[in-house]
Amino acid sequence: MKFLAQDQLQAFLGHLAGGSRVVVPVKGEDGVVLFRPWSPGTEVELDVLLAKQSAKDYVFRQSETYLRYGYAMAGEAAAQVDDSHEATVVSDDPATRKAAQDAAVTAHATLVAEPVNDAPDQVIFGLRPCDVRGFVQMDNVFGGYGGFYFDPYYNAKREATTLVAVTCRDPRSTCFCTTVGGSPDGTEGADALVTQVEGGFTVESFSEKGEKVLGFTGLVDASTDQTLKAETVKEQAVDRVDVAFELEGVQENLRANIDDPGWHDLAMRCISCGTCTYVCPNCYCFNITDEMVEGQGERLRTWDNCFNPTYTLETSGHNPRDMKSNRFRNRFSHKFWYYPEKYDSLLCSGCGRCITHCPTRIDIREVLSVMGAPRPEATTATGEEA
Amino acid sequence: MSDRQAKIRELARAALAEDRVDYFIGWKQAYNPSEMIPAFVRSADEVDQLVWNPLAHHNLTAFLKRKMPDPPNARIGICVKGCDSRTLVALLQEELVDKERIYVVGVPCDGIVNRRRIEKEFADEVVDISFAGDTVTAVTRSGESKEFAKGDLLFDHCRTCRYPNPFYADDMAADPIVEPDDRTPMWGPIEEFEALSPAEKDAKIAEAFETCIRCFACIHACPVCWCWDQCVNRCRQPALVGQRVDTKENLMFQMVHMFHVAGRCPSCGACDRACPVEIPLYLLHRKMNKELYDMLGFEPGVSLEEKPIFQTFDVNDPFGEH
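Chain order of the listed sequences is A and B.
Per the numbering used here, the first sequence runs over residues 224 to 609.
Per the numbering used here, the second sequence runs over residues 67 to 388.
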């Protein structure tokens with residue numbers, strides 16, 4: 224185990240920034256903490272436990288260009304279009320003239336498409352173990368697990384990214400990582416872990432990428448005392464995380480409770496916005512849009528969310544999740560029922576951001592305590608026996 | 067304070083016991099006493115969860131707009147503060163809510179405390195906020211506590227509030243509190259903003275909208291933004307607002323919201339409080355309120371007899387003079 228003195232932190236980040244972008248949690252003037260690119264002198268905010276958003280955006284971009292495309296015309300071809308346009312326009316009808324012009328353009332233009340996949344090397348420093356597990360869980364989806372699709376865009380960024388997590392010294396009451404298999408000092412997916420102790424940080428590495436992090440010459444071997452203190456910080460942190468609900472049986476119970484009227488009651492105060500999914504380190508749904516202006520366009524991937532009322536809107540006009548209670552049920556069922564069924568892992572790492580950032584504080588712990596447990600013999604919302 | 071809470075419970079209990087409503091919407095404490103959330107009470111024996119205190123910031127009338135009630139034709143009891151009642155009036159002016167289906171309990175309001183101001187005072191999590199007179203005491207998870215003067219914690223729109231009593235209510239939770247004689251609005255931060263140079267304004271706006279994550283919490287929490295589920299901002303054909311999340315498109319999205327709710331939005335601040343990244347959206351809507359007031363002498367949601375200003379036409383309107 225290595226030790227990094229507090230006054231060496233900036234030099235350490237400077238070392239990481241040699242050849243890589245470094246991303247750290249930064250407190251803005253308005254007191255809001257977000258992950259931001261580091262530059263020399265940028266202060267790293269580690270006292271506030273969780274940045275408003277996870278660092279997800281730096282690997283799975285909120286909006287990302289896949290492809291640039293457009294119609295390219297060689298000089299000669301362009302001239303011909305002009306000529307043919309002049310020659311063929313004999314109609315007074317604007318629509319006919321436009322159609323003739325379009326036909327001429329199509330005949331001479333070449334469609335050019337250029338894929339885009341920028342993945343610069345980067346180090347994300349100061350994210351929490353739950354945020355790191357978010358990437359591990361998204362890897363299942365984008366990484367081609369079990370023969371599904373391999374996503375070159377996500378994976379290029381993922382491979383170019385080093386994750387240096389920080390142990391949670393003071394977990395919040397809304398943290399429940401230990402309930403879902405994590406820990407405030409969890410190392411799953413992390414390339415390195417730093418732990419705040421008196422005077423600085425202990426540093427441990429768990430991968431080849433992590434070893435590079437340890438290449439900083441300002442690191443010294445941690446003393447026995449520092450190692451012991453780091454262990455104490457970790458143990459105390461684990462003690463501070465409450466068990467939020469009984470995980471055993473949740474998957475089966477969610478399946479059994481799919482028609483339970485309890486979903487309506489729990490969803491009443493939901494406003495069906497996308498905050499929980501966008502602050503979540505694990506949610507990965509996205510949308511694809513072609514945006515084109517004057518013959519030049521881009522294919523965009525943007526985050527989508529299952530609370531979006533048009534998320535499941537079909538072209539027929541039918542929407543199988545037209546009511547917000549349907550959409551509400553989906554989010555929790557996806558995380559604790561269908562995703563586990565497919566990937567043998569949960570889709571939640573217990574950071575609790577969805578609780579603290581929800582405009583009406585919908586509490587995932589409450590939802591799973593109620594709907595993830597056996598329900599009493601229920602009647603449906605219309606009063607009939609279920 | 068507690069008198070109002072007791073009265074809210076009493077009125078809710080009666081409405082539910084007499085089957086005048088299917089459910090009653092008020093406020094309650096969330097997972098800890100420092101957080102208030104909307105409460106949906108379905109039976110008379112559950113009314114004791116209802117709480118009234120200066121953290122009851124939610125504008126509950128958002129739960130009346132189309133596609134929110136469950137079931138859609140539910141008879142709903144609801145609590146409104148002064149500002150909330152103005153959005154309710156706006157919905158009634160447009161005949162978007164059936165008066166016969168709602169039972170409204172008016173709550174005179176002394177101002178709501180901005181929890182985020184307290185949160186910023188600590189690195190640790192705030193788990194308890196309590197009130198004694200004008201003193202607010204906040205306690206963190208590790209036991210650290212601080213006292214604040216309530217006046218320092220109020221939302222800006224509460225400090226400058228001219229309408230603390232509801233405009234529309236079937237029953238009141240307390241006698242109306244004394245209202246200021248002078249109803250001229252105070253614009254505060256808007257006038258500061260207007261005094262900036264164009265370049266400074268651009269910089270402020272860019273800074274504010276850069277962090278928007280387009281989660282749409284603002285429009286979903288907004289009571290008068292009632293085409294929320296069919297919003298032009300998420301429509302991809304025609305692509306009036308780009309899907310790309312960047313400062314320009316984010317601002318465009320918020321501009322669309324601002325113009326669509328103009329004349330109906332009293333700047334209650336529900337959008338601002340819902341925003342997970344704390345963009346000061348309230349100021350955007352307040353600015354529109356000021357334009358309407360300066361140009362047309364119009365204030366949204368203060369009279370059931372009026373129509374929202376952009377649903378009327380008067381040849382004498384002073385357009386062109388500004």
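FYI, nobody ran anything at the bench for these hints, they're computed from the structure.
Warning: the hint list may mix true and false statements.
Claimed, not checked - In the SDA-like style, the derived pairs of lysine to any residue whose C-alpha atoms are separated by at most 20 Å in a straight line are:
{"id": "1", "chain 1": "A", "residue 1": "K457", "chain 2": "A", "residue 2": "H487"}
{"id": "2", "chain 1": "A", "residue 1": "K250", "chain 2": "B", "residue 2": "R183"}
{"id": "3", "chain 1": "B", "residue 1": "K267", "chain 2": "B", "residue 2": "P255"}
{"id": "4", "chain 1": "B", "residue 1": "K353", "chain 2": "B", "residue 2": "D247"}
{"id": "5", "chain 1": "B", "residue 1": "K94", "chain 2": "A", "residue 2": "V593"}
{"id": "6", "chain 1": "B", "residue 1": "K356", "chain 2": "B", "residue 2": "F214"}
{"id": "7", "chain 1": "A", "residue 1": "K225", "chain 2": "A", "residue 2": "R392"}
{"id": "8", "chain 1": "A", "residue 1": "K250", "chain 2": "B", "residue 2": "F259"}
{"id": "9", "chain 1": "B", "residue 1": "K94", "chain 2": "A", "residue 2": "R392"}
{"id": "10", "chain 1": "B", "residue 1": "K94", "chain 2": "A", "residue 2": "E421"}
{"id": "11", "chain 1": "A", "residue 1": "K275", "chain 2": "B", "residue 2": "K267"}
Item to check | Ascending list of hint numbers which this structure does not respect | outcome: Those not satisfied are hints 1, 4, 6, 8, 9, 10, 11.
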